[in-house]
Amino acid sequence: MNKFFYPRLALVNLKKNGNTYIPYILTCIGSIIAFYTMVSIHSNKGLDQMPGSINLKTILFLGIIVIGIFAVIFLFYTNSFLIKRRKKELGLYSILGLEKKHIARVLFYETVFVTVISLSLGLIGGILIGKLLFLLLLNIVHFKSPLSFHIDYWGLLITTGVFLVIFGLTLLTNFLQVKLSNPIDLLKGGQHGEKEPKSSWIVTVIGLVSLGAGYGIALSVKTPLEALMLFFVAVVFVIIGTYALFISGSITLLKQLKKNKKFYYQSRNFISVSGMIYRMKQNAVGLANICILSTMVLVTLSTTVSLYVGQEGMRRDFYPMDVSIIGEAGNTDFDEVKALLESEKEKLMVRSSDEISFDLARFRAFQEGSHFLKDMVDDESTDARYYERISNITLIPLDDYNRLTGGNKSLAENEMLIFSVGDNYGQATIVFGDQQYLITEQLEAIPMDFKKTQDMGQTYYLIVKDDAVMEAVYQTMKNDDDPQTTLHALMFNLDGDEDTLNTFSANLRTAVTQSNPDINIQNLYEALTELYFFFGGFLFLGVFLGSLFMMATVLIIYFKQISEGYEDSERFEIMEKVGMDKTEVKKTIRKQILMVFFLPLAGAIVHVAFAFPVITKMLAAFRLTNVTLIFLCTLAGVVVYALVYTGVYLLTARSYYKMIH
Amino acid sequence: MRLLEVKNLKKIYTTRFGGNQVQALSNVSFSVEQGEYVAIMGESGSGKTTLLNILASLDKPTSGEVFLDGKNIVTIKDSEISAFRRDNLGFVFQDFNLLDTFSIQDNIFLPLVLAQKNYQEMNSRLGPLAKRLNIEEILKKFPYEVSGGQKQRAAVARALITQPKLVLADEPTGALDSKAAMNLLKIFSAINELGQTILIVTHSVAAASHANRVLFIKDGEIYNQIYRGSMSNDDMYQKISYTLSVLASGGEDCE
Ligand SMILES: Nc1ncnc2c1ncn2[C@@H]1O[C@H](COP(=O)(O)OP(=O)(O)OP(=O)(O)O)[C@@H](O)[C@H]1O
Ligand SMILES: [Mg+2]
Chain R
1 MNKFFYPRLA LVNLKKNGNT YIPYILTCIG SIIAFYTMVS IHSNKGLDQM PGSINLKTIL
61 FLGIIVIGIF AVIFLFYTNS FLIKRRKKEL GLYSILGLEK KHIARVLFYE TVFVTVISLS
121 LGLIGGILIG KLLFLLLLNI VHFKSPLSFH IDYWGLLITT GVFLVIFGLT LLTNFLQVKL
181 SNPIDLLKGG QHGEKEPKSS WIVTVIGLVS LGAGYGIALS VKTPLEALML FFVAVVFVII
241 GTYALFISGS ITLLKQLKKN KKFYYQSRNF ISVSGMIYRM KQNAVGLANI CILSTMVLVT
301 LSTTVSLYVG QEGMRRDFYP MDVSIIGEAG NTDFDEVKAL LESEKEKLMV RSSDEISFDL
361 ARFRAFQEGS HFLKDMVDDE STDARYYERI SNITLIPLDD YNRLTGGNKS LAENEMLIFS
421 VGDNYGQATI VFGDQQYLIT EQLEAIPMDF KKTQDMGQTY YLIVKDDAVM EAVYQTMKND
481 DDPQTTLHAL MFNLDGDEDT LNTFSANLRT AVTQSNPDIN IQNLYEALTE LYFFFGGFLF
541 LGVFLGSLFM MATVLIIYFK QISEGYEDSE RFEIMEKVGM DKTEVKKTIR KQILMVFFLP
601 LAGAIVHVAF AFPVITKMLA AFRLTNVTLI FLCTLAGVVV YALVYTGVYL LTARSYYKMI
661 H
Chain Y
662 MRLLEVKNLK KIYTTRFGGN QVQALSNVSF SVEQGEYVAI MGESGSGKTT LLNILASLDK
722 PTSGEVFLDG KNIVTIKDSE ISAFRRDNLG FVFQDFNLLD TFSIQDNIFL PLVLAQKNYQ
782 EMNSRLGPLA KRLNIEEILK KFPYEVSGGQ KQRAAVARAL ITQPKLVLAD EPTGALDSKA
842 AMNLLKIFSA INELGQTILI VTHSVAAASH ANRVLFIKDG EIYNQIYRGS MSNDDMYQKI
902 SYTLSVLASG GEDCE
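Going line by line, the protein sequences match chains R and Y. Quick note on numbering: our numbering labels position 598 of the first sequence as 598, and the sequence is numbered without any gaps. Quick note on numbering: our numbering labels position 84 of the second sequence as 745, and the sequence is numbered without any gaps.
The hints are simulated quantities; they were obtained by calculation from the structure and are not laboratory data. Backbone N, C-alpha and C define an ideal beta-carbon position, used for all residues, glycine too. Do not take every clue at face value.
[To be verified] Listed next, the stretches of chain Y that the computed footprint assigns to chain R, with coverage defined by at least 3 CB atoms under 8 Å from CB atoms of chain R:
#1 703 to 709
#2 736 to 746
#3 888 to 900
[Claimed, not checked] Restraint-style ranges between C-beta atoms, simulated for each label pair:
#4 Gly696(Y) / Gly647(R): 31 to 37 Å
#5 Asp730(Y) / Tyr657(R): 31 to 37 Å
#6 Lys586(R) / Gly890(Y): 48 to 54 Å
#7 Asn795(Y) / Lys84(R): 50 to 56 Å
Start from the sequences, fold in the hints, and give me the full structure.
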């Protein structure tokens, strides 16, 4: 035998099994591109210059880990699938006189070819696409200054290393497969006797109950905090339910259909029902996987896209005014601060508007009905609602309020007005320490904040008679680490283009904090950069992982369908022989693939529909409360996903039909 | 009454690239009477399966005609061919061709379900048939759970349940041991005695010796035929063996 015999045989094998190996190699290339891209973006020096890049880098690092794990699992899965399908071929070699070590040598060369092709194309693709994705990322996070994106040799090395290990491991498992089997086994390969699947009512009932429980939790969640805490419980229930129902529920249902003789012995149901029973038996787990994977893709996409698209609206909730400067009334020279502000504004020709200033006191208290306590009551601390009773309270003297609103309300010593950010306060009195105050009015608006959906804990603004009352309440309620005295606030909005305002914000901070190190400046434009990085990073990762999972889903389906094509072609040939019409055969095939294909997608869409209330509540924790926007983003995600899915279906169906005929 | 009439059948296979041509049947004519039990024998590659596939309307001849009960099946429209096959023909294959997704009973029902018969009727047809073929116990089982002989009897039941005009069998005993084969041949004889017309292709002299008549094919032509007349199975056996040996030696006409 000449020395090129094995490599040539390996090459011939790959070509012959093209309709499974080409998708496999594409998967490898895709994973390599994804991995390299993440690694190279993560290690890009330029990103370090940005404030907020720490968050982004953490997110990207998370991405590297996820993609790495994903690549291992997924390449193993597809490889084991391929080798199983080829057992017959390998068995034939062995019967024709190739020894196991020769087969191993063929397998070795095959892996070498796959590795070389995948790595070279993957890395080249990574270098090209990585650059593109990097630009995309910069765009998403609103990063202005141009950053260069060099070829990351270190990244190339790491990627090559990681994937060499993965390919090596797959080769090892293939060796093991060949070593552990005798030729007869190999020949029989995939076709061990098909047993009538067992279905169990118990498992079905468990599935129904836990799916119901998951959905029930999802629907009954009331607050963002509950949503965050219960989401994963619901997810676990839904996953259990999905597997149980795909594995057992589907078969129980089909068997029930089969028992109905009138229904079952109709030519259009007869073949589908019995065919589906076997389909489900072989594929239940795979289909459940696809369903859950799809749900993950959809939830990831819809939440990240919603967050990103919705951040415009969210900012305002975080920052009612563009800039707020708050300092201790006693030891901050606000005249100096104002002077600094004016000079900075002049330097950059920035204008400000809606300027307000007022005295205030801020503290946290634990709410029990109308009583507000300094210390938390430490019982039932596991209850989600316990944390919701921690409230943020701001006191404002009446004359400041009247000045800002242009009103002339009056209050007695023991009276207060209340504005609640979330649900209305709803009590007639309010008690601090041992002092009770009457609420004379529940305000609907206040100049320094908005009415909005509550997140964690309550936020109340109380208008009190004068500075003296404010001081008295504050001294009763303040904690040790709160400021000694009450505060003074200066708030205003800014006009100008974003770049100028960014510079202005940075300058202002430097100027003001130089003389007043303890002063608290909150600035929308500074926060924006971080928000962009945060949500932009999320979006990037979400879309990236979403696409990757989608690729995985698509491939699982494709491989499944192809492997069934071979078995099914025999089956349909027999049916044609006993007198089934060709067109009828085609119709039946189409119906079966449609069911297998779209069952998981339908399941995923139902899951997402039930998850929607939880998603909106969770996003509310990020201050995203625009339900319409979340709905539209989710809908868009579902539509795009369904379209891609359908595209894959059409492609797969085509090669499947080819196989049948 | 003449049930099947085959006239000047010719079949040339053209390989995919149009290069080689194989003449599987050159000129075959014969006829089968209602109620006859005919065996077709011949060396491997002589064209038996090709002939049977054409009779089964699974394949079209290059030229020639086939009449079943007066209807030319060569010119039947594609859209009607499945229904025609379902209603008029029953098949038994060497490798059983049972579907592993169906129980034995459902396999037998398959042609009736395709013909949209109702369940009552299917069931009433199955009862006596299953009894005669001795497969009552295995009706609920699946193909992988029963023996080869049982599978073949199930396949026979599937062929007979449509009450076809003609049963075609291609080496039905090929995958069976001698005992199971004997059993199956007895069944064929029995159903033939009830009036069922049967045409089988076989390499087995024992199988052929059960038939009323044996046709020999050589190089795509009918070479010879033996009528049973009043011969016993044993006499038939002798005569078939003799003919085959002459056939194999490429010898002269032996009638
Ligand atoms: N689909 C086909 N394409 C090309 N040639 C074919 C095809 N089917 C059969 N042949 C050729 O036609 C001839 C007759 O084949 P056929 O299968 O009818 O033989 P047979 O008598 O059934 O043989 P055996 O007893 O081995 O089953 C053979 O030479 C065979 O190679
Ligand atoms: Mg043959």
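For each hint, the structure was consulted:
1. 703 to 709: violated (count 0)
2. 736 to 746: That given contact holds, which follows from 5 residues of the segment 736 to 746 of chain Y lying within Cβ reach (below 8 Å) of chain R.
3. 888 to 900: violated (count 0)
4. Gly696(Y) / Gly647(R): 31 to 37 Å: About 59 Å separates the Cβ atoms of glycine 696(Y) and glycine 647(R), which means 31 to 37 Å is violated.
5. Asp730(Y) / Tyr657(R): 31 to 37 Å: holds (35 Å)
6. Lys586(R) / Gly890(Y): 48 to 54 Å: holds (50 Å)
7. Asn795(Y) / Lys84(R): 50 to 56 Å: violated (39 Å)
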